[in-house]
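2 protein chains.
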Amino acid sequence: MFQDFKLVDDRPVAIQVKEYVKRLIIKGALQADQKLPSTRELSGLLKVSRNTVIAAYEGLEDDGYTYAIPGKGSYVATMVTRLAEDNGDSVGSSAWQIDWKARMNEYAGSAVELDMMKQGIRAQKGTISFTSIAPDEQLFDLGDVKRAFMDRMAIEGQVLLNYGYAKGYKPLIDYLMRYMENKGVDISGKDMLITSGFTEGFDIVLSALRPYGRRGAAICENPTHHTAIKNLKLQGFEITGIPMERDGIDVEQLEKELQKQTNHFDLAYLTPSYHNPTGIVMSAAKRSAVVKLMMRYQIPVIEDGFNEELRYSGAHIAPIIATAGQGNGVIYIGSFSKVLFPGLRVGWVLADRALINNLESIKRARTIHTSTIDQSILYQYLLNGNFDKYVKKARTEYKRKYELTKACCEAYLPETQLSGDGGLHLFLTFPSKIDTHELLEACTAQGVIFTPGDRFFIQEGEGTNTLRLGFSRVTDENIVQGIQIIGEQVRDLLKGQR
Amino acid sequence: MFQDFKLVDDRPVAIQVKEYVKRLIIKGALQADQKLPSTRELSGLLKVSRNTVIAAYEGLEDDGYTYAIPGKGSYVATMVTRLAEDNGDSVGSSAWQIDWKARMNEYAGSAVELDMMKQGIRAQKGTISFTSIAPDEQLFDLGDVKRAFMDRMAIEGQVLLNYGYAKGYKPLIDYLMRYMENKGVDISGKDMLITSGFTEGFDIVLSALRPYGRRGAAICENPTHHTAIKNLKLQGFEITGIPMERDGIDVEQLEKELQKQTNHFDLAYLTPSYHNPTGIVMSAAKRSAVVKLMMRYQIPVIEDGFNEELRYSGAHIAPIIATAGQGNGVIYIGSFSKVLFPGLRVGWVLADRALINNLESIKRARTIHTSTIDQSILYQYLLNGNFDKYVKKARTEYKRKYELTKACCEAYLPETQLSGDGGLHLFLTFPSKIDTHELLEACTAQGVIFTPGDRFFIQEGEGTNTLRLGFSRVTDENIVQGIQIIGEQVRDLLKGQR
Chain V
14 MFQDFKLVDD
24 RPVAIQVKEY
34 VKRLIIKGAL
44 QADQKLPSTR
54 ELSGLLKVSR
64 NTVIAAYEGL
74 EDDGYTYAIP
84 GKGSYVATMV
94 TRLAEDNGDS
104 VGSSAWQIDW
114 KARMNEYAGS
124 AVELDMMKQG
134 IRAQKGTISF
144 TSIAPDEQLF
154 DLGDVKRAFM
164 DRMAIEGQVL
174 LNYGYAKGYK
184 PLIDYLMRYM
194 ENKGVDISGK
204 DMLITSGFTE
214 GFDIVLSALR
224 PYGRRGAAIC
234 ENPTHHTAIK
244 NLKLQGFEIT
254 GIPMERDGID
264 VEQLEKELQK
274 QTNHFDLAYL
284 TPSYHNPTGI
294 VMSAAKRSAV
304 VKLMMRYQIP
314 VIEDGFNEEL
324 RYSGAHIAPI
334 IATAGQGNGV
344 IYIGSFSKVL
354 FPGLRVGWVL
364 ADRALINNLE
374 SIKRARTIHT
384 STIDQSILYQ
394 YLLNGNFDKY
404 VKKARTEYKR
414 KYELTKACCE
424 AYLPETQLSG
434 DGGLHLFLTF
444 PSKIDTHELL
454 EACTAQGVIF
464 TPGDRFFIQE
474 GEGTNTLRLG
484 FSRVTDENIV
494 QGIQIIGEQV
504 RDLLKGQR
Chain C
14 MFQDFKLVDD
24 RPVAIQVKEY
34 VKRLIIKGAL
44 QADQKLPSTR
54 ELSGLLKVSR
64 NTVIAAYEGL
74 EDDGYTYAIP
84 GKGSYVATMV
94 TRLAEDNGDS
104 VGSSAWQIDW
114 KARMNEYAGS
124 AVELDMMKQG
134 IRAQKGTISF
144 TSIAPDEQLF
154 DLGDVKRAFM
164 DRMAIEGQVL
174 LNYGYAKGYK
184 PLIDYLMRYM
194 ENKGVDISGK
204 DMLITSGFTE
214 GFDIVLSALR
224 PYGRRGAAIC
234 ENPTHHTAIK
244 NLKLQGFEIT
254 GIPMERDGID
264 VEQLEKELQK
274 QTNHFDLAYL
284 TPSYHNPTGI
294 VMSAAKRSAV
304 VKLMMRYQIP
314 VIEDGFNEEL
324 RYSGAHIAPI
334 IATAGQGNGV
344 IYIGSFSKVL
354 FPGLRVGWVL
364 ADRALINNLE
374 SIKRARTIHT
384 STIDQSILYQ
394 YLLNGNFDKY
404 VKKARTEYKR
414 KYELTKACCE
424 AYLPETQLSG
434 DGGLHLFLTF
444 PSKIDTHELL
454 EACTAQGVIF
464 TPGDRFFIQE
474 GEGTNTLRLG
484 FSRVTDENIV
494 QGIQIIGEQV
504 RDLLKGQR
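Keeping their order, the protein sequence lines are chains V and C. Heads up, the first sequence is in the working numbering, so the first residue is 14 and it goes up one at a time. Heads up, the second sequence is in the working numbering, so the first residue is 14 and it goes up one at a time.
If we strip away everything but chain V, and leave its shape as in the complex, we get (with noise of 0.2 Å):
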């Protein structure tokens, strides 16, 4: 025995031995009330110094392990561990198995079917892959997040490391509620709960919204941000998707749809501007637009800004909470996730008072909290002012970026139409003939990959001629190259189907 000890990783010592001893313990060879080697013993033959294995011995006696006889040394404690394999009323513990697929409900299973990271494409090594829509993490000012963390661990540190509030870390909240204002959103009668990014924020909202009793019925541009389709599916929606127009979702078709007598939807999901995954940004007029029919017809709007910064020409366009004025009707669910960092998980629900109350305890009942440490560092990142500069550094790169790859598409791709007004991404819809997965695997075959658009389409069969093409990730020349690359592989196609 102790002969197998060996140095794991750069943890102290001391640990590593007391862990080491402890596993011999646990596996049963060393036995209850067993002595163990003195400390000068074991010190000679694990080769460490004595002092450590003190340290470990104490250890060992303070998690409950061993027990000492003052003048004698230290001995194994009685625990019992696991029950016998081999015990005359022959329950073995091995003899438990639960059948987990069969306990398990359709939620937990649309979950997997519906889960794109499980059934997603995965990129060999080399691959030039468009199909991250992720801010490119060479842009980040890891000093300004580090000061931000060490400024706010200094003012409160000790409040940050426990419990904080539901609700959100109250100096964010006034930030954003701020910082809402100041595109032009009428805060009155409104209030912000702090979620895990959009994601929760979402999820949190349908759970609250959807009817009981029978399935919900939601309205949302088609295509949509495939997550939201997962989350409403998952919560029992049937989603009823509108074409998308150049400047927006078709406000006629939408009309024709509300004015169904049969139809009646308990909530719109939109994404009002840079569109995931069109980029279309929808038209002032067209939001005044929305937003009367939502009002004439009482459907709550569940707005999506997720990366309303990302603008890079035109003038500023107020968000549908905005234009929605005092009403009540709008739901907006903010992130930086896009524009700065995913890896901090926070977003925002800005909305009427009264369901912000629901909300909250809804997310109390889920998480507790958001992180304090996220919550307070994207704050004092905001307040120390670093905000504006690293959207411009970013601007500035993903807009070149942005125009680099529409160029290429124009001439290596003159066969498809594009949209994508800003953002990360751009759209591509091909004449019908192509289909975007057999043309995946083309691509996918010369090292080039980018994610099909008929998982953002609401119904099977849709937009299987188009795909999203994530640029934010890929370096110039990779842009260039993986461009041509799918040019080639659509010539052939076309060609293989003359």
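Mixed in with the good hints there might be a few duds.
Unchecked claim - Each computed DSS-like pair below joins lysine-lysine, with the alpha-carbon atoms no more than 30 Å apart:
| hint | chain 1 | residue 1 | chain 2 | residue 2 |
| --- | --- | --- | --- | --- |
| 1 | C | K40 | V | K299 |
| 2 | C | K60 | V | K196 |
| 3 | C | K48 | V | K299 |
| 4 | V | K85 | C | K406 |
| 5 | V | K131 | C | K183 |
| 6 | C | K269 | V | K196 |
| 7 | V | K406 | C | K159 |
| 8 | C | K196 | V | K85 |
| 9 | C | K412 | V | K19 |
| 10 | C | K183 | V | K19 |
| 11 | C | K48 | V | K412 |
| 12 | V | K402 | C | K19 |
| 13 | C | K196 | V | K40 |
| 14 | C | K196 | C | K419 |
| 15 | C | K131 | V | K183 |
| 16 | V | K48 | C | K183 |
| 17 | C | K273 | V | K114 |
| 18 | V | K159 | C | K446 |
| 19 | V | K114 | C | K246 |
| 20 | C | K48 | V | K183 |
| 21 | C | K406 | V | K48 |
| 22 | V | K114 | C | K196 |
| 23 | C | K402 | V | K19 |
| 24 | V | K246 | C | K246 |
| 25 | V | K196 | C | K138 |
| 26 | C | K60 | V | K405 |
| 27 | V | K405 | C | K183 |
| 28 | C | K19 | V | K196 |
| 29 | C | K60 | V | K402 |
| 30 | C | K60 | V | K60 |
| 31 | V | K405 | C | K273 |
| 32 | C | K196 | V | K48 |
| 33 | V | K246 | C | K114 |
| 34 | V | K159 | C | K159 |
| 35 | V | K60 | C | K412 |
| 36 | V | K48 | C | K402 |
| 37 | C | K406 | V | K60 |
| 38 | V | K406 | C | K40 |
| 39 | V | K48 | C | K405 |
No lab work stands behind these hints: they were computed from the structure.
Position chain C against the provided structure of chain V, taking the given hints into account.
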């Protein structure tokens, strides 16, 4: 105009000037296509440097609130913000009022009703409060936490700030798997999901296992953790409670309930170590007995390991999941929130691999992933060997307070029955004629508050003569004084009842 400008916080002046002008535009004080004052003029009016104004004007243009005409100056951009309140077709936005209370479902309603924070006791300033079982933040070793953050940021800051994985931060998972193995757990066939604390882990497990089409049935200790009761109810479970004995759950009663033909339990929820609220540790013998019973009736066990680490005496007792050996019927949910920092919202679910695979997809659908900053700080803190050092310090301090509290109860509350073998609280049972809500009212008037025990019981009207005394955040003299006061009030109540 421009008379009311003042610096509101310590953000860079240029940003505050920019926001100030934004407001004037949003409010309509500056109209579309109106020319802004020259940078020289405005710097005079606002008494800030001209360069500040130049930077502010650049920012306004970047954000699309203004446009520049070379050689002429900056002009306000045209942007629709809100609907006219008084336009012909009489759909002024204030007309849009949704009755949210009517739109919200029973889940949203119950979330508020069952929200202890909303129904909770408000402490006046200067009150001696025994209501908290959160750790004492004075013990936090901020220096080690800061170092952990800086160390990790230096190694992979950019990775930490971009998207992570739903399953969790890999180095932390590996660390915790070994940590659980050292508690005697057989990890073969098992896997781990990192969650935003115990609460999210518990809620995700329930949402995966609650039956559809009928109400779920859960069995647990009575009393038990009120958050668990809340989430079970919110997920539609009927709860059967089994009384506690000095050494844990009443196994005979448990067997009686399991035997009943009419009972088909979907799951059991148990807290074998430092049970909340009684603080009782389930004996090793009972752990084996419970595992055998659950095995016989094939009932999945959710084991709450919430403050296993706060052991003050006696031998280490392996968690139930260790007792179950290779059996896959136990779902262990762990957290360091009580022993380390609640602000770091990190917990873990250790269970059968097939189950974790589904829970991972549910986690992704709800919050994408747990804060990587929180996870990496915790990981590096553990790796740096701070945990053992801190727990040693915390145990010593809490053990002292625990013994002081116990001694005071024995001295000043002779008529009560005490329980609590460790952790951050004691549980008191008074003669049945004492109503602890009445007692709380009397004590509140004397500046002392605690948590009445009835809210930890399954049925209305149970445990009305019990209370929980959390001592972790109360000073020594307040512990003495507070318990003295409670004692006096008890005797007054008893007198009054004669």
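Hints versus structure:
no. : hint            : result
1   : C:K40 / V:K299  : 22 Å, holds
2   : C:K60 / V:K196  : 26 Å, holds
3   : C:K48 / V:K299  : 28 Å, holds
4   : V:K85 / C:K406  : 26 Å, holds
5   : V:K131 / C:K183 : 17 Å, holds
6   : C:K269 / V:K196 : 63 Å, violated
7   : V:K406 / C:K159 : 28 Å, holds
8   : C:K196 / V:K85  : 26 Å, holds
9   : C:K412 / V:K19  : 34 Å, violated
10  : C:K183 / V:K19  : 23 Å, holds
11  : C:K48 / V:K412  : 28 Å, holds
12  : V:K402 / C:K19  : 22 Å, holds
13  : C:K196 / V:K40  : 10 Å, holds
14  : C:K196 / C:K419 : 29 Å, holds
15  : C:K131 / V:K183 : 17 Å, holds
16  : V:K48 / C:K183  : 37 Å, violated
17  : C:K273 / V:K114 : 26 Å, holds
18  : V:K159 / C:K446 : 57 Å, violated
19  : V:K114 / C:K246 : 24 Å, holds
20  : C:K48 / V:K183  : 37 Å, violated
21  : C:K406 / V:K48  : 27 Å, holds
22  : V:K114 / C:K196 : 28 Å, holds
23  : C:K402 / V:K19  : 22 Å, holds
24  : V:K246 / C:K246 : 23 Å, holds
25  : V:K196 / C:K138 : 38 Å, violated
26  : C:K60 / V:K405  : 26 Å, holds
27  : V:K405 / C:K183 : 33 Å, violated
28  : C:K19 / V:K196  : 20 Å, holds
29  : C:K60 / V:K402  : 23 Å, holds
30  : C:K60 / V:K60   : 71 Å, violated
31  : V:K405 / C:K273 : 68 Å, violated
32  : C:K196 / V:K48  : 20 Å, holds
33  : V:K246 / C:K114 : 24 Å, holds
34  : V:K159 / C:K159 : 10 Å, holds
35  : V:K60 / C:K412  : 35 Å, violated
36  : V:K48 / C:K402  : 25 Å, holds
37  : C:K406 / V:K60  : 28 Å, holds
38  : V:K406 / C:K40  : 29 Å, holds
39  : V:K48 / C:K405  : 24 Å, holds
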